[in-house]
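Student: Position chain B relative to chain A; hints supplied.
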Amino acid sequence: MSVDHSHSHASSKSGGELASKEHASNAIATLDGRPLLSNAGIPLDLHWVQEVRVNTSAVERRAQSQTARRTVKKDWQAAWLLRAISCMDLTTLSGDDTDERVRRLCAKARQPIQQDLVQILGIEELGIKVGAVCVYHTFIETALRALEGSGVHVAAVSTGFPAGLSPLAERVAEIRRSVEAGANEIDVVITRGHVFGGRWQALYDEVATFKQACGTAHMKVILGTGDLLTYRNVARASFVAMMAGADFIKTSTGKEPTNATLPVSLVMVRAIREYAQQTGMAVGFKPAGGIRTAKQSIDWLAMMKEELGVPWTRADLFRFGASGLLGDIERQLEHHATGRYSAEYRHPIA
Amino acid sequence: MSIAENFVSMEYGPAPEDSKEAESWLQRHGRRFGLFIGGTWQAPAAGRYFDSFDPSNGERLAEVAQGSAADVDAAVRAARAASAPWRALTPHARARYLYALARLVQKHSRLLAVLETMDNGKPIRESRDIDIPLVARHFYYHAGWAQLLEQEFPGYEPCGVVGQIIPWNFPLLMLAWKIAPALATGNTVVLKPAEFTPLTALVFAELCQEAGLPAGVVNIVTGDGSTGEALVKHPDVDKIAFTGSTEVGRAIRSATASSHKRLSLELGGKSPFIIFEDADLDSAVEGLVDGIWFNQGQVCCAGSRLLMQESIAETLISKIRDRMSKLRVGAPLDKAIDIGAIVARVQLDRIERMVAQGVAEGATCWQPQVALPSRGFYYPPTILTNVHPTSIVAQQEIFGPVLAAMTFRTPKEAVELANNTVYGLASCVWSEGINVALHGRATQGRRGVGELHKYVRRSLRLWRIPGERLRSRRRSRGLGRIYGTRVVQARSETACS
Numbered sequence: 240m241s242v243d244h245s246h247s248h249a250s251s252k253s254g255g256e257l258a259s260k261e262h263a264s265n266a267i268a269t270l271d272g273r274p275l276l277s278n279a280g281i282p283l284d285l286h287w288v289q290e291v292r293v294n295t296s297a298v299e300r301r302a303q304s305q306t307a308r309r310t311v312k313k314d315w316q317a318a319w320l321l322r323a324i325s326c327m328d329l330t331t332l333s334g335d336d337t338d339e340r341v342r343r344l345c346a347k348a349r350q351p352i353q354q355d356l357v358q359i360l361g362i363e364e365l366g367i368k369v370g371a372v373c374v375y376h377t378f379i380e381t382a383l384r385a386l387e388g389s390g391v392h393v394a395a396v397s398t399g400f401p402a403g404l405s406p407l408a409e410r411v412a413e414i415r416r417s418v419e420a421g422a423n424e425i426d427v428v429i430t431r432g433h434v435f436g437g438r439w440q441a442l443y444d445e446v447a448t449f450k451q452a453c454g455t456a457h458m459k460v461i462l463g464t465g466d467l468l469t470y471r472n473v474a475r476a477s478f479v480a481m482m483a484g485a486d487f488i489k490t491s492t493g494k495e496p497t498n499a500t501l502p503v504s505l506v507m508v509r510a511i512r513e514y515a516q517q518t519g520m521a522v523g524f525k526p527a528g529g530i531r532t533a534k535q536s537i538d539w540l541a542m543m544k545e546e547l548g549v550p551w552t553r554a555d556l557f558r559f560g561a562s563g564l565l566g567d568i569e570r571q572l573e574h575h576a577t578g579r580y581s582a583e584y585r586h587p588i589a
Numbered sequence: 010m011s012i013a014e015n016f017v018s019m020e021y022g023p024a025p026e027d028s029k030e031a032e033s034w035l036q037r038h039g040r041r042f043g044l045f046i047g048g049t050w051q052a053p054a055a056g057r058y059f060d061s062f063d064p065s066n067g068e069r070l071a072e073v074a075q076g077s078a079a080d081v082d083a084a085v086r087a088a089r090a091a092s093a094p095w096r097a098l099t100p101h102a103r104a105r106y107l108y109a110l111a112r113l114v115q116k117h118s119r120l121l122a123v124l125e126t127m128d129n130g131k132p133i134r135e136s137r138d139i140d141i142p143l144v145a146r147h148f149y150y151h152a153g154w155a156q157l158l159e160q161e162f163p164g165y166e167p168c169g170v171v172g173q174i175i176p177w178n179f180p181l182l183m184l185a186w187k188i189a190p191a192l193a194t195g196n197t198v199v200l201k202p203a204e205f206t207p208l209t210a211l212v213f214a215e216l217c218q219e220a221g222l223p224a225g226v227v228n229i230v231t232g233d234g235s236t237g238e239a240l241v242k243h244p245d246v247d248k249i250a251f252t253g254s255t256e257v258g259r260a261i262r263s264a265t266a267s268s269h270k271r272l273s274l275e276l277g278g279k280s281p282f283i284i285f286e287d288a289d290l291d292s293a294v295e296g297l298v299d300g301i302w303f304n305q306g307q308v309c310c311a312g313s314r315l316l317m318q319e320s321i322a323e324t325l326i327s328k329i330r331d332r333m334s335k336l337r338v339g340a341p342l343d344k345a346i347d348i349g350a351i352v353a354r355v356q357l358d359r360i361e362r363m364v365a366q367g368v369a370e371g372a373t374c375w376q377p378q379v380a381l382p383s384r385g386f387y388y389p390p391t392i393l394t395n396v397h398p399t400s401i402v403a404q405q406e407i408f409g410p411v412l413a414a415m416t417f418r419t420p421k422e423a424v425e426l427a428n429n430t431v432y433g434l435a436s437c438v439w440s441e442g443i444n445v446a447l448h449g450r451a452t453q454g455r456r457g458v459g460e461l462h463k464y465v466r467r468s469l470r471l472w473r474i475p476g477e478r479l480r481s482r483r484r485s486r487g488l489g490r491i492y493g494t495r496v497v498q499a500r501s502e503t504a505c506s
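If you read the protein sequences in the order shown, they are chains A and B. Under the working numbering, the first sequence has 531 at position 292, and the numbering climbs by one with no breaks. Under the working numbering, the second sequence has 153 at position 144, and the numbering climbs by one with no breaks.
In short, the hints are calculated from the structure, not lab data. Quick caveat: nothing in here was measured; it's all calculated off a predicted structure. Ideal Cβ placement from N, Cα and C applies to all residues, glycine included. Hints should not be assumed to be uniformly reliable.
[As the list claims (entries may be wrong)] Think about it this way: if two alpha-carbon atoms lie no more than 16 Å apart in a straight line, the pair counts; the simulated EDC-like pairs of lysine to aspartate or glutamate are:
hint	chain 1	residue 1	chain 2	residue 2
1	B	116	B	14
2	A	312	B	287
3	A	534	A	567
4	A	313	B	20
5	B	421	B	204
6	A	313	B	215
7	A	312	B	27
8	B	270	B	204
9	B	328	A	545
10	B	116	B	215
11	B	328	B	358
12	A	544	B	20
13	B	335	A	271
14	B	335	A	314
[As the list claims (entries may be wrong)] Computed footprint of chain A on chain B, listed as stretches where at least three residues anywhere in the stretch have a Cβ under 8 Å from a Cβ of chain A:
hint	region
15	291-298
16	340-348
Only chain A is shown next, with the shape it has when bound in the complex (with noise of 0.2 Å):
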């Protein structure tokens, strides 16, 4: 069995949760037993914006111990942590990038497990290879080419990335040009000082826009978390965004003092959720930026699961926004292989 890569629809092998429903052709998750279609977006609805409520401490508390809740073990952690890489957007978005750079990252994507670990767990037959490869709209055609044939896809940062404040139609270009491109993906970010203002109107417009540039291309949308601060305005912005036809939100550009957070990744994974209990359409999440332990992805997972269910524990509609983790997740697989854990050198880096 190989791990379906594709990501316009689930995976058949997830359960049976897909099995007996009428609607299952077009679903793309289910959600409480009940089949979600990827999202087209809904009119705005101020009204559900205005109505959010968000207690911190609250929030803050549910996520601290639910680290403690869960653990998972032995052979259910390296199960776990593969799903933690095969969900992962390799990412480089550095002023000094160059093609060799991507193209060694791209050679990462698609061999993340060197071949003498894959043979010990013994996990051939999964083919794991990461969700996607996120890089600068300059390096599309290069990733392209590196990862032909593989199934990984590529994902391109837009609209201004990361500060978000060039002239709306230069930022309109921008995703126009990358999907011409080829990209996969679009990695949008949101004006922040809409969210300050209030003007959820302009904040939609803007964000539908961008969708509708991006054409057949999934569209992540940052919100800039670190930017936003308060889980109120992520909240309201994270159910904007989905208004407008986000197919996944995103927490952070990775370049905010601080990124994600699991009580940021718990507000936006709750309004996911009451969106598709309210429009039956399932929009992805991404965590990106200061995620770096095998734990942490672990602790991720597991809120994705408890919170939405399996369906986004799958790469279409989750993904760890990362680059050093890959490294911990290799150690920590090695250490489940052999016992022992390894010093960084001794797994190829990208």
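Tutor: What follows is chain B alone, placed relative to chain A:
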């Protein structure tokens, strides 16, 4: 299951805590324990023992001594003999013993946590992360009080010999709540652990020996209700401290009414959990999980009565059911379990009976589809709706993972329903509106501990300024204080009272 299969299913799989250390401690003692009196282990005078069981699988853990009146007498005499020298120590010297006990609890924390789980049935996560750390903190805290006693409470004298009877829901923590302040204020102690859960008290006795605590300062006499009765009636006990059911508390109050004995009672509750329409519902639901499904609902201050504003009731119930479906019920020694075993058959029977009666009276019972282990005493998380104030499930403490839910329409009605109970232990209010929230808290003033946006489990915070967090005893949940300044006062005679 292979890694490949787990990869697809994303099951949690088992995550068992290792019980080897606890098993070998039990084995070292030949699974038979005597009484800890006058600093040594003694066989029970009448030679009788009773069994302590692991409720997760019904297996016998050990034989424990049945303390008779003669044993209680010996313990009280040992406590009396130790009393004068103990109170003659400097406060600093007493503080050092308490500090040593705190350190020893931390040193042996894993053994204590695992044994607590095996004896009580609570999830290892709770005993490891909540019970045992709080025990240690409680001893540290009272080490501080011991040190400060003379300057903060000049003229106070200890009661003398204190008889303490504790319940099974937080065995070692209840022991800490009793023993730490008593010792800090210069008292000596005879403590009777609950019949269902004596084991961690017996480890504690060994820690007393390891700390070099003078003989007779702490005496542990295991036994059933008759042992407790002997302690309550013993003429040379100066004070009785009891935590347990309201019925037994009442009996103790009658029994001690005409005696000189001071009394503190921490009894039952049927605490309201109030959710207004402007609350963050998802967060309130998490608060509810802590409020009623923590420790299988076997908590005196459990938020067992949900009062929800009518306008959000349907949405809230739906969220609660979804959340309940995610609660994992199973082997308490599994680190990823939310709900463990009920402490004993008799408690399980009581829960089943009361739920059945509630349903017979018109309540609707909902439980998630969850596979319960075939052995042991388990009860699924339960919510009862269509509950009226007259219903038994709204009036009486169930002491299980059962939530009784009612609606209200106005804040005034919420307060009225909340206060319509013979108990008055705890409560909490959820609302994002500051006016509603503070009004709710203020009018709940006849309640012991009123909380905003969190459940009282967290009120066991001992680093606050003494006296700031009181658990006052009013109505049927007892007399006296559990911690803070007042508890120090309660353990001592005042010059003028």
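Student: Decide, hint by hint, whether the structure agrees.
Tutor: So, going through the hints one by one against the coordinates:
A threshold of 16 Å between alpha carbons decides the hint, and for residue 116/B with residue 14/B the separation of about 40 Å lies outside it, so the pair is violated. Taken as a hint, the residue 312/A and residue 287/B pair is broken in the structure, with Cα atoms around 40 Å apart against an allowance of 16 Å. Simply put, residue 534/A and residue 567/A have alpha-carbon atoms about 9 Å apart, close enough for the 16 Å limit, and the pair holds. Under the criterion of a C-alpha separation no larger than 16 Å, the hint pairing residue 313/A with residue 20/B is consistent with the structure, at around 12 Å.
Between the alpha carbons of residue 421/B and residue 204/B the distance comes to roughly 43 Å, so the proposed pair goes past 16 Å and is violated. Using a Cα cut-off of 16 Å, the hinted pair residue 313/A and residue 215/B is violated, with the two alpha carbons roughly 35 Å apart. Taking the CA atoms of residue 312/A and residue 27/B, the gap is about 13 Å. The hint holds against a cut of 16 Å. The hinted pair formed by residue 270/B and residue 204/B fails the criterion: a straight-line CA distance of about 24 Å is larger than 16 Å.
Simply put, residue 328/B and residue 545/A have alpha-carbon atoms about 13 Å apart, close enough for the 16 Å limit, and the pair holds. The straight-line distance between the Cα atoms of residue 116/B and residue 215/B is roughly 13 Å, inside the 16 Å bound, and the hint therefore holds. Distance check on the hinted pair: residue 328/B and residue 358/B sit about 29 Å apart at the alpha-carbon level, beyond 16 Å; violated. Between residue 544/A and residue 20/B, the direct Cα distance comes to roughly 10 Å. Compliance with the 16 Å bound is thereby established for this hinted pair.
Distance check on the hinted pair: residue 335/B and residue 271/A sit about 11 Å apart at the alpha-carbon level, within 16 Å; holds. In summary, the hint linking residue 335/B to residue 314/A is not supported, as the alpha carbons are separated by about 22 Å, beyond the 16 Å threshold. Check on the region 291-298 of chain B: 5 of its residues sit with their Cβ under 8 Å from a Cβ of chain A, so the three-residue criterion for coverage holds. Given as covered by chain A, the region 340-348 of chain B passes the check, having 3 residues with a CB less than 8 Å from a CB of that chain where 3 are the minimum.
Hints 1, 2, 5, 6, 8, 11, 14 from the list above are not met by this structure, while the remaining hints are.
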